[in-house]
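**Student:** What follows is each chain in one-letter form.
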Amino acid sequence: MQNETLLEVSNLKTHFGSDTGFVTAVDGISFHVEEGEILGVVGESGCGKSVTAESILRLHDEKFNTMYEGEIKYKGENLLKLPLSKMENIRGNEISMIFQDPMSSLNPVYTIGNQITEALLLHQDISKKEAHNKAIELLELVGIPSPEKRITEYPHELSGGMQQRVMIAIGLACQPSLLIADEPTTALDVTIQAQILDIMLRLNKELKMGVIFITHDLGVVAEICDRVAVMYLGQIVEEARTIDLFEQPLHPYTSGLLESIPKMDGDRSKKLNVVKGSVPSLDSIPQGCRFASRCPFADELCLKEMPELRPFKDEEGSKVRCWHAEKILNERKKEHVSTD
Amino acid sequence: MLSYIMKRILSAIPVLLVVSIVIFLIIHITPGNPASVILGEEATPEQIAELEESLGLNLPIHQQYFSWIAGVFQGDLGTSYFMKAPVTESIANSIVPTISLAIFAQIIALLIAIPIGVLAANKRGSFADSSMMVFALLGMSIPSFLLALLLVLLFGVQLGWLPVAGFRPLSEGLLIHLQYLILPAISLGAIQAALIARMTRSSILEVLNMNYIKSARAKGVKNFSLILKHAFRNALLPILTVVGQTFGTLITGAVVVETVFNIPGIGQLVINSIERRDFAVIQGVVLFITVLYIFLNLIIDILYGMIDPRVRLDRK
Ligand SMILES: Nc1ncnc2c1ncn2[C@@H]1O[C@H](COP(=O)(O)OP(=O)(O)O)[C@@H](O)[C@H]1O
Ligand SMILES: [Mg+2]
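Top to bottom, those sequences are chains A and B. Numbering (this note's numbering) for the first sequence: 76 to 415. Numbering (this note's numbering) for the second sequence: 791 to 1106.
Just so you know, the hints here were simulated from the structure itself, not pulled from any lab data. Since the structure is predicted, the reported quantities are computational estimates derived from the model, not experimental observations. By construction, the Cβ of each residue, glycine as well, lies at the ideal position given by its N, Cα and C atoms. Take these hints with a grain of salt, some might be off.
[Stated by the list, open to error] Think about it this way: if two alpha-carbon atoms lie no more than 25 Å apart in a straight line, the pair counts; the simulated DMTMM-like pairs of lysine to aspartate or glutamate are:
| hint | chain 1 | residue 1 | chain 2 | residue 2 |
| --- | --- | --- | --- | --- |
| 1 | B | Lys1012 | A | Glu144 |
| 2 | B | Lys1019 | A | Glu232 |
| 3 | A | Lys388 | A | Glu375 |
[As the list claims (entries may be wrong)] Pulled from the structure, derived: some chain A residues nowhere near chain B, Cβ distances all over 12 Å:
| hint | residue |
| --- | --- |
| 4 | Ser105 |
| 5 | Lys148 |
| 6 | Leu216 |
| 7 | Val295 |
| 8 | Ile299 |
| 9 | Gly363 |
| 10 | His399 |
[Stated by the list, open to error] Ranges of calculated distance between the beta carbons of each label pair, as one might list FRET restraints:
| hint | chain 1 | residue 1 | chain 2 | residue 2 | range |
| --- | --- | --- | --- | --- | --- |
| 11 | A | Lys161 | B | Gly1095 | 37 to 43 Å |
| 12 | A | Lys204 | B | Leu949 | 52 to 58 Å |
| 13 | B | Leu927 | A | Lys88 | 38 to 44 Å |
| 14 | A | Asp94 | B | Asn1001 | 19 to 25 Å |
| 15 | B | Phe935 | A | His231 | 46 to 52 Å |
| 16 | B | Asp1091 | A | Lys283 | 47 to 53 Å |
Whenever a hint applies, use it, and build me the whole structure from the sequences.
**Tutor:** Okay, here's the thing in structure tokens:
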């Protein structure tokens, strides 16, 4: 991979204030995205995936209850240090975002044409007429039939899948270098899901756009992502190339997630909860390894001290946050040998 | 849309009938014989009976009702025995100042309240926000007659900028019309302004939590247009509901303010008619105000449709 690094996040922390004090929803996250690369971010819900994504665009308002720490370098510039007006130029222009719930992400009182051209007019020096024509092209690009008619319609007149296509059209309007897709297909049914993924993949190839693809569906990750970061309770617990992650998961949490993928012939909408227990809440974060309470391999050390995210010796580019990753891996290999 | 309006008007007829029966009963069951009130203390029973007969008061109550309601459907609300004139005429004469006052109060309330609400929402949690909301709370709790007296003392008596009382019709010129109306309108509109300001603030804050606001921000929309374009129009629906519901109270509230400022409006007409036991006028006014309420609600519904495409009924 000889691509340029597009985004480099270092030790990002996002704190939310409330009446009862601060919670830290994202706690020291580091990762990078290269040009034209698709990075998957997975983890159960409540692990801080959305907050991470929204922090990149600084969508949580710092004037009220949010505090960011660390560094988010985009094309070499630290976004957390930019004045708000510069940030507004980056949003939707350099970096776009698509959200989980298309049904509530479009403003109900404006036509979809209005909402697409708004993005164009904000960032490009074009006339309303040109913006209108471009909006029609964009709708065509994301596979919406008879765009001239659709453009005058209101969000409630479109199906969920169509609304998500509109969101993608808005996201792509200014040809961003980085697209953040936060569970873009979760609210949609399987066939629509496949179509939307298809569009995103095609555009990633054609426009050489970097993508951060957030999902809790590892099946989708296997299909489209180059690299994966696994998140647990506000931290990254494992990072690896997709092939490596699926062949040899390093963190017990990742193994648990992989075992919970439903088989292709099974019912995909059914959630298999193989990782026992649930994510602790942010105001009762354990002292040691955050996963220890649910981990079958946890010992004294795990309960007392939090492991760092460290490079894994045997696998290039892989990182893991576990004291016993090597030991667990060896044991599993032995098991395989003995059962063979 | 047109068929929708027709349907709404037709469905208002049963409501009006029920209201008319209730008004009629309440007025006729309350003690106080109008004939003896009109004739005074010294009237003989024969004189009273004679007058009752000529007013139709000796007939059974349902007959009285039917002859009244039959007239109503022909646009005849009866005749005021005191003023010796059709009730419709008295209403027509006194409604103009009241409507003028109510509309002006409403406009002032909106002009003050909406910017305050928007600003407070934008600066939520700040000192400016809390002081505006304390001010609004004050506005809501001050009685309109007290505010009226204070305003008159300050602007009428002390500073002498504005007339102390009275009314000038629009035909004498807009400026002089408004000059006489401004203090009454402020006294009347203050409570509404406070209500609308608080509603605007909370409604915008609620909308700001919506996903489409987040996605608009992610698009690069600036804070200013985030509030004025994306949040405000959505926040307008609950604001409009408050306006619709309270515009009616402006008309009832006008009774008090009209008395303080000596404005010859519907309030004075009602008070005088109650003193005179002028049944025909009281019934007529209450029925008229009911129609006005229904009409206002219809207008509010039509406005809903204009603001929010999801409520538009004629799109196919
Ligand atoms: N604005 C906020 N204020 C306080 N806590 C928040 C806020 N947004 C998210 N959180 C908390 O941060 C955690 C991570 O949430 P989120 O990023 O939405 O999870 P995910 O997207 O992985 O499902 C959750 O515990 C959530 O309650
Ligand atoms: Mg999420």
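**Student:** Check each numbered hint from earlier against the structure, then list the numbers of those it violates in ascending order.
**Tutor:** Violated hints: none at all, because every hint is consistent with the structure.
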